[in-house]
Structure formats: C-alpha cells, structure tokens
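Protein sequence lines correspond, in order, to chains H and F. Using the working numbering, the letters of the first sequence map in sequence onto residues 1 to 571. Using the working numbering, the letters of the second sequence map in sequence onto residues 1 to 190.
Just so you know, the hints here were simulated from the structure itself, not pulled from any lab data. A couple of the hints might just be wrong.
[Stated by the list, open to error] Simulated pairs of lysine-lysine, DSS-like, Cα-Cα distance not exceeding 30 Å:
{"id": "1", "chain 1": "F", "residue 1": "90", "chain 2": "H", "residue 2": "66"}
{"id": "2", "chain 1": "H", "residue 1": "135", "chain 2": "H", "residue 2": "460"}
{"id": "3", "chain 1": "F", "residue 1": "90", "chain 2": "H", "residue 2": "84"}
{"id": "4", "chain 1": "F", "residue 1": "88", "chain 2": "H", "residue 2": "65"}
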Amino acid sequence: MNQFDAIVIGSGMSGGWVAKELSEKGLKVLVLERGRELSVEKDYTDMLQPWELPNLDRINEDELKKSYPMQSRSVGYALHETTKHFWVKEDEQPYETPADAPFEWVRGYHSGGKSLLWSRQSYRFGPQDFESNKKDGHGVDWPIRYDDLAPWYDHVERFAGISGNADGIPSLPDGVFQPAFELTLPEKAFAERVAKAFPTRRVIAARVAHLTQPTQEQMDLGRGPCQVRNHCHRGCSFGAYFSSMSATLPAARNTGNMTLISHAIVHSIDYDPKTKRASGVRVIDANTREAKTYTAKIIFLNAGTVASTMIMLNSKSASFPTGIGDSSGVLGKNLMDHFGGAGASGDMPEFDGYYHAGRRPGGIYVANYANITEHDKPYLRGYGFQGGSRRGGWTGNRPGLGQAFKEANRTPGTWNIGISAFGDMLPDPRNTISLHPTKVDKWGLPVAVIDCRLRENELKLMQAASKDALAMLQAAGAVNIRSTEDGDGVTFASLTSPGNKIHEMGTARMGRDPRTSLLNGWCQSHDVPNLFISDGACMPSSAVQNPSLTYMALSARAANHAAELVKTGVL
Amino acid sequence: METRRQILQGLIFSLGGAAALTAFAAKAAAPEAKTTSAAKPGFYTKGELATVTFLADGIIPRTDTPGALDAGVPAYMDHLYATWASEKTKADHRAHLAAIAGHLDRLTDVQSIEAGNRAKQRVKALEALDAAAFGAEASAHWPYRSVKSLIATVYYLSEPGATQELQYEPVPGHWIASAPIAEIGRTWAL
Ligand SMILES: Cc1cc2nc3c(=O)[nH]c(=O)nc-3n(C[C@H](O)[C@H](O)[C@H](O)COP(=O)(O)OP(=O)(O)OC[C@H]3O[C@@H](n4cnc5c(N)ncnc54)[C@H](O)[C@@H]3O)c2cc1C
Chain H
1 MNQFDAIVIG
11 SGMSGGWVAK
21 ELSEKGLKVL
31 VLERGRELSV
41 EKDYTDMLQP
51 WELPNLDRIN
61 EDELKKSYPM
71 QSRSVGYALH
81 ETTKHFWVKE
91 DEQPYETPAD
101 APFEWVRGYH
111 SGGKSLLWSR
121 QSYRFGPQDF
131 ESNKKDGHGV
141 DWPIRYDDLA
151 PWYDHVERFA
161 GISGNADGIP
171 SLPDGVFQPA
181 FELTLPEKAF
191 AERVAKAFPT
201 RRVIAARVAH
211 LTQPTQEQMD
221 LGRGPCQVRN
231 HCHRGCSFGA
241 YFSSMSATLP
251 AARNTGNMTL
261 ISHAIVHSID
271 YDPKTKRASG
281 VRVIDANTRE
291 AKTYTAKIIF
301 LNAGTVASTM
311 IMLNSKSASF
321 PTGIGDSSGV
331 LGKNLMDHFG
341 GAGASGDMPE
351 FDGYYHAGRR
361 PGGIYVANYA
371 NITEHDKPYL
381 RGYGFQGGSR
391 RGGWTGNRPG
401 LGQAFKEANR
411 TPGTWNIGIS
421 AFGDMLPDPR
431 NTISLHPTKV
441 DKWGLPVAVI
451 DCRLRENELK
461 LMQAASKDAL
471 AMLQAAGAVN
481 IRSTEDGDGV
491 TFASLTSPGN
501 KIHEMGTARM
511 GRDPRTSLLN
521 GWCQSHDVPN
531 LFISDGACMP
541 SSAVQNPSLT
551 YMALSARAAN
561 HAAELVKTGV
571 L
Chain F
1 METRRQILQG
11 LIFSLGGAAA
21 LTAFAAKAAA
31 PEAKTTSAAK
41 PGFYTKGELA
51 TVTFLADGII
61 PRTDTPGALD
71 AGVPAYMDHL
81 YATWASEKTK
91 ADHRAHLAAI
101 AGHLDRLTDV
111 QSIEAGNRAK
121 QRVKALEALD
131 AAAFGAEASA
141 HWPYRSVKSL
151 IATVYYLSEP
161 GATQELQYEP
171 VPGHWIASAP
181 IAEIGRTWAL
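Using the sequences and the accompanying hints, generate a full structural model.
Given below as structure tokens:
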C-alpha cells in the first residue's frame, strides 16, 4: 500500500537535509512542499546589473504597504523588486498577535524555503549550550550533549561547505572548514585590540555557508566557488552558497528516490490509535484545493517552527485532543527567537590608505563570552555579536557641485566598523503559538496566533550587550562612535521584536522526560514513534548562535536514525 | 510660473542640456530600455522636468566622464515616480521640486539682469542653495538634500556612473580584504 517509505513536510533548510539523507539510505521519499518549485533560470535575479534593476530595486510603495508591511521592516535588506517573489505576501497569509506583543513571522514559501533567503552565518553550538537549561533550570535539559552532535556537524559542514577559520574557541567549536574570507585591516585591528582589553573576547571571521574551495562532491552537484558578488538574496546561479536548491535537493534527486510535490499544503497528520502511529498526511492543493492523503512508514515535519507547530496543533484526535504527540501539553509553548537592540559602530580612519576589492558575503563575529569566560553577570546566558567593516561609498549627502562633487565621490569614505548583538532568549511556557478558534486562511486552515514576549532577563542581557559593544569600539580606538548607549539606552521598547531575527524555535521541544517534552533526543515523538520533527521546533534552548547549522546537524542525525529504524523493521 | 520655466529651459539650453534633454526623452521612449519602456505619460510636468534636469546637470555635469544627463537620470526619476511612488510620495516630491524651484527663483535676480546672464545667475543660485543646504540652514533645505541624494543614487548606479565615473565589478571572483588604495582605485559603485 505504501508507495513511499517516508514523507518529509517542507523542502527548506531542514527538510532538504532529511530528504537527502533518507533517499541516500535507499528510502523512497515524498517531499510535500506548499510553495511552487523555483527555477534557477527563471527565478534567480543575481545576474542583473545595478542599472538593470527596476526602480532602484524598490517595490512599488502601495504594493509594499499592502503585501509586505512587516517584512519590509524586518528584512528590508533582502526584500526588493527583484526578490519579492521569494517572500510571502502578508495580506494573503494572515496571522495574529496581541496588540502589545508583535511577532515578525518572516516566511518564504517555495522549494528551498528560507534556505534560499538566509544570510548564511553558520556556527556550531558549544558544549555549554546543551547544558544551559539544566544549569539554570529554565526549560528542560537537552537529551543530547555536544559530543552526540559533533560528528553530525562534521557531516553537514563537509557537504554544505562552510568557510571559516579554526579559531580554537572551546565554546564555539571549530568544524570542517573551507578557507575563510580574510578580515580587513580595521577588523584585524579591532580583533587584536579587543583581545588586549578583554583577554577572553574573541573576534573572528564570520563563518558562512559559502564555497571557497569546493570539494569534488560539491562540484559534481553543479556548485562552484563564491564569486564575492554579495547578491545572495537574489539566489546564486553559481550555487556557491548552501541552500536546499543548490545542494540537498539535487543530491536527493540524484538518488532517484525522491519525489517532490509542489503546491501541497499540509493540513494535518492522521493518527491511528490501534497502531499508535501517524497514519497519513492530509494535504490541500494550493491551486485546486483538492484534498488528498499520503501515507508512509515515517513522517518528518520540517515546515519551519511555526508551520510545523500549526500542523501538529491541527492534528487533533481522541487520543491527542490538543494536537498529535502532545501528551505532555508542551506543544506550542516555549517559543523563542534571538533578539537584538544593542550595538555600536565607529570610524577607523587610520586605515584609510587601504581599500578592499570584491563584495564579501560575511564579516566578523564576536563569540559569546558572557557567563562562559566572564562570570557574575546580573542575567542568565549571553549574547554574540555579528558585524563587519566597510568604507563608505559615494553619496549625494555631501556638499558641492559639478566637478568637485564628482571628484569627492571618487575617493571612498572612511572605514567604519560595527557590531550588533544576538541574545539568548530563555524558554518560557508563556510564549506560545496557538490556532485561532474561528479565523481561517483562504484554504480553510486556522490562522496562527503568536504571543511571544521578551522579559526581564532578556532586557538586562541586552543592556549589558549594549555597554559591551560601546566598550569594545572604544577599546579598538574607533572614533565618531554611535551606539545604543546614546539617548535612552536599551529599553523594552528598543529591543527587536521576537521573530525579527528569524530564528524562531522551541515549540515542540526535545527532552528526556515524555511528561515535559514532545521529542526524544532523535527528534522522534515520545508518543508517536514514526513521527519526527527536526526543524527549529525541536530546540530546547536557543543559545546565541545562528541556528540553521544546528537544525541541519539534528536533521541529518535524526534522518539516519529513522532510516535505521525502518531498515531494522522497528518502524 | 511661465517665466521661471522659460528661464530654466533657457538655462538647460545654455548648459548644453537641451541635447541631453532630447536624448533622454528618446531613451525614455526606446523600447529596449527596460525600466523606461512603455513611454507612459510621464510623471513630471514640463516645469518639473526642467527643474530636475537643471539640478541633475548642475550637480553631476559631463566632465571627463559622462554626466547625469548622459546617464538619463531625469528620465529614470520620471519613471521611478510614475511607477514606484505612492500618491503621498508623489505629492511630496512635487512639493520638494516646487520648493527648490522657488528657492532658485528667489536667489536669481530675474528682473535686473540681461537674458544672457540668467544662466550664470541660475548656476550661482544653485551654488548658494547647495551651500545653504549643507550649512547652518540645513534643516530648511531637506527637499534639496533629498533630491540631490536621489540624483546621485540614480547616477552612480547607472552604467556610465558605475563603470566610467566609478568602478564596478560584476563578478569580482575573489576578495581582497585590504590593499593600498592606489592599487584598488576609485570608489566602488557597489
Ligand atoms: C533574511 C534571513 C536571514 C537569515 N540568516 C540566517 C543566518 O545567517 N544563519 C542562520 O543560521 N539562519 C538564518 N536565517 C534563518 C534560516 O533561514 C532558518 O533557520 C531556516 O531556513 C529554517 O529551516 P526550516 O527547515 O525550519 O524552515 P524553512 O527553510 O523555512 O523551510 C520550511 C519549508 O516548509 C514549507 N512549508 C511551510 N508550511 C507548509 C505546509 N503546511 N505544508 C507543506 N510545506 C510547508 C515552506 O514553504 C518551506 O519551503 C535567516 C532567515 C532569513 C529569512
């Protein structure tokens, strides 16, 4: 009866990995993707020259207001006339939040999901990140430790291609790296001076999922080295940055074992109380609204944290009245995201005799030291900083006319360097995703209600990050410093809203105890053994590192475990 | 109003802008020019177009490299406002242009000078406006500052602006983190 061994819901960052691993293990895999299938030729716009971008690449203002009002604020750097087809139209995909608690739900519905849209910063979690919940009692203990995931980090890094340096920082472990993008002179000076003033603070080259020395395996998939154009949000025709489109889906396809169905909106998952298994996946065709049910031995949910949670909440049965696999009652709770609102930048004119060439896709990273190497903080957990340096370019915002104006713009502006913080958000059961009791979208699916708030610890933490950012810029000898210490400093109102960092996670967490967690250490449902969730929903805590690399490693690990269970007849 | 428009048109002519004016009009109508195709009814009135043209040419004239008129900046802006801007932004932009033209008028002593000197007077007026806009009265001259910024943006991202006036590498291929600036050259357009 089963045409497929496995169903993977969602073809994005995590689903792509599951599809690849399962199909390479010989399982027949069906990928259900609610969006359309993108084509490199038709949908990528990375080959357009600046003067070919319509209207300076600005989206018509009325259209922007109608379809992208929130995302244009959250991801304005990536949402343009030539990329708007990669982003969900908000007026067509509503969700709700309390008036006093905005949540920025940024989405891309198409093959590859947000893996096409990400900024490619890729860091391992460190040993401390798997222990933080246990240590301070927030959330539940991770059922795995760093050593359990380390070989899977190796595995995904080798395939995905991460450029970075071996920095030897125990809390931010090194991995399988391709050569890093060199730091600029101001960045090198910044790193040295910060280390001198604050001996355990490490400023390193950003680790990004860009090929700088592709392997044969990567080239065989049609991927090539990064061309240093920094047009990544328009897609990369060179396949130089990791996405499901450039890497995992082609690899899965090459096995001949993967079928991908587009426009397939998963509605819910059926549960069979007799077998105690998930028995089918209900789908609505996005265009025809035709309903269908697909079946397989195992089901992986990889629709992205919020969407996966909604699918589970919508899968109610007599056995699971609050949603499939939710005997613990934690489904939809403990929503987290990283958050920001602290940073500083300043000029370093001492290096103005030097300039760069090429448009590097990453910058610098300051590894978290708070409560790791610097102790006795008035808050729990910590923060990392992303940043970089650049010289100002041409500007119309300068006096002068004619020859003199043109001449002035031929010399670049002074070097400027800046960093901004990403904070660790505590798991808190009051931060929730639920289904609206009455409102439905145009396919008849209940809309999400998201209630997620930053609280006292987050505020204190970001206030400290702000002071640190300023102190580091000062230690580096920067001038004309602007920072979040200016004016009123960091307040609740100045923190970024949850969702803004697009690292939403935590609403179907892993844990050791089925009474307090949904999944075991293999991302496998405690209650429904053939159901796996390996997107951000499975995360017991957020740490401070950009999480996608961890989703990838968890997905690959879970998929290999699941394949083993299928092969040995357990599932 | 009439007088000002005539003065501006005379000025464009005297600065060699009229040729550019027709050149960009032709470009706007040319079917191959993607962003300015369709030759829809333009956004600017004749007078506004004259103001924009005067500003573009005054701020970024042709020198040893093409200027803003060679790069088709006024036509680009016309299309931008016709197809990108909301009604409010359109109205704001018109008001900005009117304010700028008004300032230029006030700074140009139209009555007392002979026709031949008007162009020079007008350029002087623009110089005075620019100095004021970046001096103590900056806040009173936001309209001028914003239009100047837009002209610069359109110009430096145009093909001549990016590749002849500045430099642009579509496919750099590799990253040089820092080298003596003489080895790299002019500001990168992007
Ligand atoms: C601008 C931007 C910058 C970012 N930068 C970084 C970064 O630097 N580093 C980092 O680690 N992370 C970054 N992220 C976050 C990163 O993109 C996500 O963590 C990652 O893509 C999540 O993977 P996922 O598989 O959970 O979801 P996605 O990649 O979003 O994939 C989910 C897929 O499921 C599909 N889907 C959704 N609902 C359904 C349904 N009901 N039925 C069927 N299919 C469905 C979607 O269409 C989508 O294809 C960034 C994100 C954005 C948008």
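Status of the hints after comparison with the structure:
Taken as a hint, the residue 90 of chain F and residue 66 of chain H pair is honoured in the structure, with Cα atoms around 18 Å apart against an allowance of 30 Å. Distance restraint check for residue 135 of chain H and residue 460 of chain H: the Cα-Cα separation of roughly 19 Å lies within the 30 Å cut-off, and the hinted pair is therefore satisfied. Our distance criterion of 30 Å between C-alpha atoms is met by residue 90 of chain F and residue 84 of chain H, whose separation comes to about 23 Å. A distance of roughly 13 Å separates the Cα atoms of residue 88 of chain F and residue 65 of chain H; the hinted pair therefore holds under the 30 Å criterion.
Of the numbered hints given earlier, the model fails none.
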